[in-house]
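Enquirer: Since the structure of chain E is already known, use the hints to place chain Y on it.
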Amino acid sequence: MSRIEKAMERAAQLREGGGVAPAPAPAPAPAGHQQKHVFKAIPSQPPPAPSVTPAITSDNPYLVNLNDPHSPTAEEYRKLKSVLVKMTKGEDFFKNTIMVTSAVPHEGKTLTALNLAISLAQEFDHTVLLVDADLRRPSVQRYLNMNNKRGLSDVLLEGLDIGDAIVATGIGKLSLIPAGRAVSNPVELFTSQKMKELIEEMKYRYPDRYLIFDTPPILPFAETRSLANLMDGVLFVVKERLASQENVKEAVEALKGCELLGLVYNDATLDRHDERYSYYRDYSPKAS
Amino acid sequence: MQSSELDYKKFLQILNRRKELFVVLALLIMTAVTIVSFVLPKKFEAKSTVFIEKNVISELVKGLTVTPSMEDTIKVLTYAITSRTLLAKVADSTDMNLAAKSGADSEELVKRIQKNIDVQVKDKNLFIISYKDSNPKIAQDFVNTLVRLYIEENTSSKRGESYDATKFLSEQISTFKAKLDKAQDEVNAYKRDKGTAISIDEGKLYQDINASQQKLIDLELRRRQLEGMRHVTKTTSDPLRSKLLALQKQLHELQAQYTDSYPEVLTVKGEIESIKEQMKAAGGGQTFDSNELAKVDSEIAAIRASEDGLRRNIASNQALLRNIPAARAELDKLELERNNQKNIYDQLFARHGQSEVSKQMEVQDKSTTFRIVDPATLPTAPISPNRLAIMMMGIIGGLAGSFGILLLLEQMDTSVKDARSVKGFGVPILAIIPHMLDPQEVALQHKRAKRLFTLGGVYFLFLLCFPVMELLGLNYVDTMMSYISPASIVQDVKGHLR
Numbered sequence: 001m002s003r004i005e006k007a008m009e010r011a012a013q014l015r016e017g018g019g020v021a022p023a024p025a026p027a028p029a030p031a032g033h034q035q036k037h038v039f040k041a042i043p044s045q046p047p048p049a050p051s052v053t054p055a056i057t058s059d060n061p062y063l064v065n066l067n068d069p070h071s072p073t074a075e076e077y078r079k080l081k082s083v084l085v086k087m088t089k090g091e092d093f094f095k096n097t098i099m100v101t102s103a104v105p106h107e108g109k110t111l112t113a114l115n116l117a118i119s120l121a122q123e124f125d126h127t128v129l130l131v132d133a134d135l136r137r138p139s140v141q142r143y144l145n146m147n148n149k150r151g152l153s154d155v156l157l158e159g160l161d162i163g164d165a166i167v168a169t170g171i172g173k174l175s176l177i178p179a180g181r182a183v184s185n186p187v188e189l190f191t192s193q194k195m196k197e198l199i200e201e202m203k204y205r206y207p208d209r210y211l212i213f214d215t216p217p218i219l220p221f222a223e224t225r226s227l228a229n230l231m232d233g234v235l236f237v238v239k240e241r242l243a244s245q246e247n248v249k250e251a252v253e254a255l256k257g258c259e260l261l262g263l264v265y266n267d268a269t270l271d272r273h274d275e276r277y278s279y280y281r282d283y284s285p286k287a288s
Numbered sequence: 289m290q291s292s293e294l295d296y297k298k299f300l301q302i303l304n305r306r307k308e309l310f311v312v313l314a315l316l317i318m319t320a321v322t323i324v325s326f327v328l329p330k331k332f333e334a335k336s337t338v339f340i341e342k343n344v345i346s347e348l349v350k351g352l353t354v355t356p357s358m359e360d361t362i363k364v365l366t367y368a369i370t371s372r373t374l375l376a377k378v379a380d381s382t383d384m385n386l387a388a389k390s391g392a393d394s395e396e397l398v399k400r401i402q403k404n405i406d407v408q409v410k411d412k413n414l415f416i417i418s419y420k421d422s423n424p425k426i427a428q429d430f431v432n433t434l435v436r437l438y439i440e441e442n443t444s445s446k447r448g449e450s451y452d453a454t455k456f457l458s459e460q461i462s463t464f465k466a467k468l469d470k471a472q473d474e475v476n477a478y479k480r481d482k483g484t485a486i487s488i489d490e491g492k493l494y495q496d497i498n499a500s501q502q503k504l505i506d507l508e509l510r511r512r513q514l515e516g517m518r519h520v521t522k523t524t525s526d527p528l529r530s531k532l533l534a535l536q537k538q539l540h541e542l543q544a545q546y547t548d549s550y551p552e553v554l555t556v557k558g559e560i561e562s563i564k565e566q567m568k569a570a571g572g573g574q575t576f577d578s579n580e581l582a583k584v585d586s587e588i589a590a591i592r593a594s595e596d597g598l599r600r601n602i603a604s605n606q607a608l609l610r611n612i613p614a615a616r617a618e619l620d621k622l623e624l625e626r627n628n629q630k631n632i633y634d635q636l637f638a639r640h641g642q643s644e645v646s647k648q649m650e651v652q653d654k655s656t657t658f659r660i661v662d663p664a665t666l667p668t669a670p671i672s673p674n675r676l677a678i679m680m681m682g683i684i685g686g687l688a689g690s691f692g693i694l695l696l697l698e699q700m701d702t703s704v705k706d707a708r709s710v711k712g713f714g715v716p717i718l719a720i721i722p723h724m725l726d727p728q729e730v731a732l733q734h735k736r737a738k739r740l741f742t743l744g745g746v747y748f749l750f751l752l753c754f755p756v757m758e759l760l761g762l763n764y765v766d767t768m769m770s771y772i773s774p775a776s777i778v779q780d781v782k783g784h785l786r
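Here the protein sequences line up with chains E and Y, keeping their order.
At the far end of the first sequence sits residue 288, using our numbering, and the numbering has no gaps.
At the far end of the second sequence sits residue 786, using our numbering, and the numbering has no gaps.
Pulled out of the complex, with its shape left as it was, chain E reads as follows:
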């Protein structure tokens, strides 16, 4: 406890001491509760100030782009990112609202959205806002060891300003809108005119950012389909050995008419002897 308190004090001193603090926060794995305190202070500051905010230190091993950026998996996410950038950013257009979904639960939507967002935010050119639109099982904060009470549902229900709902993560230029408090009627909420307006607003308020929406699965819930129609692009996650081919087919058909950018094939069983990956391992600086 004492170590954490010391870290807290040091962080406070740094902030008061002029805001020109070095980017890497030395605090070793602060507990969730303390972290909440740290982030609560952020909204008062202008959002594009990630260098000032202490970075989130999530030790979740699945956030490979954060914790193990030299792993082949992180490299795969980077590949996904570059493909996506190529598809969405052109000379005269920028499709900045992207939704991540899947056919059935537990296919790795949140992880894909997070890893993709982190990967994008780690680049110098991109600012990313990750929106946790899965009001049924919000899990983005869980991965990042955060616990912010206010979020998307509050914006929709109480008219909270979007700017107030945004939380900077300290990971590159990545900020986050959490899901907010639990609601009983997410379908009605998402199909409302208000939601449409909100997305329009976000699109114009942050025209230079990627807006990545983490959503519930398509087959069991209705809201994702209506949300998909508001998006510039949909990323569809398929996890190996989870959804049946029929499910995937059905979900893809449900997304007809939307801009389906492509599939992300998740959790693939790979041949251990595959040379591509051993190549990466051998040459990664962390391998030693």
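Rather than coming from a laboratory, the hints here were simulated on the basis of the structure.
From a predicted model like this one, the values you see are computed outputs, not experimental measurements.
Cβ atoms here follow ideal geometry from the backbone N, Cα and C, with glycine treated the same way.
Some hints here could point you the wrong way.
To be verified - When the alpha-carbon atoms are kept at most 30 angstroms apart in a straight line, the in silico DSBU-like pairs for lysine-lysine are as follows: (1) E:Lys249 / Y:Lys705; (2) E:Lys89 / E:Lys6; (3) E:Lys79 / Y:Lys705; (4) E:Lys196 / E:Lys95; (5) Y:Lys335 / Y:Lys455; (6) Y:Lys711 / E:Lys249; (7) E:Lys79 / Y:Lys335.
Stated by the list, open to error - Now the stretches of chain Y that chain E is said to cover, found in silico as 3 or more residues with beta-carbon under 8 angstroms: (8) 312-325; (9) 436-445.
Expert: Showing chain Y alone in chain E's frame:
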């Protein structure tokens, strides 16, 4: 080659992915098989060895007697021992058919018994007859009774056969004896009737005939001669007498005309006198001639008589000669018949002697005999189920069956298993994210797997105890099971209910 390698890798992957399930399933199957191996009804086998012995006597009297050949006995034995009648008899005497009420039931019983009997031939004269039953005592009794009854039946049937053969032969002998006698009688009668024709020598008869003919010719010649001689005698006497007669006639005529003193009468008288004189002179000769003639005549008559006799003799001899071949043929026929009958009779008689000996041999049990080398003893250990084999098969089957179930599950799993399979949806695959490992979770899983495998290993060792016990012949489980047999449980339950 590549595809097989791929397959093997695929199998390994499946196994690796669901190793826990594999272990649990395999152990479950092994447990089930082990339980089944103990629950399966036990079968006991009783065996009896029978030796078919060829007696020394039968070698000694070989050819003298007729004994059923060993090969035949052996050939028939397997069928005979499983014959319905014999089995029914055995079932009768071992009280096995007490439960059978109707004919169909006993039919069932016989069929079941036939299924459980096994007859094996060893070294051509050694038989092993075995019977399986759930009750060792019944198995033993059954085999012993079966063997005993079979041997009894076999001996008595052989004996009966011998008796029958002897009887038949003696019957045949008496009928053939009668036939033979009749034929002999016929031959004798014929010989009696046609004795002359048969006994006469043909050559002699010819000679006889020839001689008779020669004699006849001789006699004829002689007769002719005599006749000629007689003629001569007659003519010499005749001129004088006829002259005399003529003169006497002339005298008579003259005397009627003339007196005695007439010259002519006188001359005639004189002439007559002279002739008479002459005749007197020749008169001696003339008497002699008449004697001679009579003699010749009688001789001729005698010759004629003997000629006739000879002719008759020749004729009868010739008739005889003609009859000889037919008579001979007839005799031959009769004799052949008789000989045939005699032949058969002789043979029958000889056989009868043999059969008599055979019969005595059978009666005294001196021909092939069955010897029970090894009577059935009470089987102690069941031959079936072969628990060791079943358990070993259970272990192998557990592994194989479990793997089969895994394969089946894999087959039934229609989920996306391959990035290639989602290419068909017409949506580009932007990235393939490999399986991520969380070291903590992996460690936890490892721990769990380790625990499961340890438990599984211990349980497997426990399961292995049963085959080992079986191998060592320890039957604790059986003893235990006999304590908790269903019957006793039912009784317990009934007792509690009261």
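Enquirer: Give a verdict on every hint.
Expert: Comparing the hints with the structure gives:
1. E:Lys249 / Y:Lys705: holds (14 angstroms)
2. E:Lys89 / E:Lys6: violated (44 angstroms)
3. E:Lys79 / Y:Lys705: This hinted pair holds, its Cα atoms lying about 22 angstroms apart.
4. E:Lys196 / E:Lys95: The hint holds at about 16 angstroms.
5. Y:Lys335 / Y:Lys455: violated (40 angstroms)
6. Y:Lys711 / E:Lys249: holds (11 angstroms)
7. E:Lys79 / Y:Lys335: violated (80 angstroms)
8. 312-325: violated (count 0)
9. 436-445: violated (count 0)
Of the hints listed earlier, those the structure fails to meet are numbers 2, 5, 7, 8, 9, in rising order.
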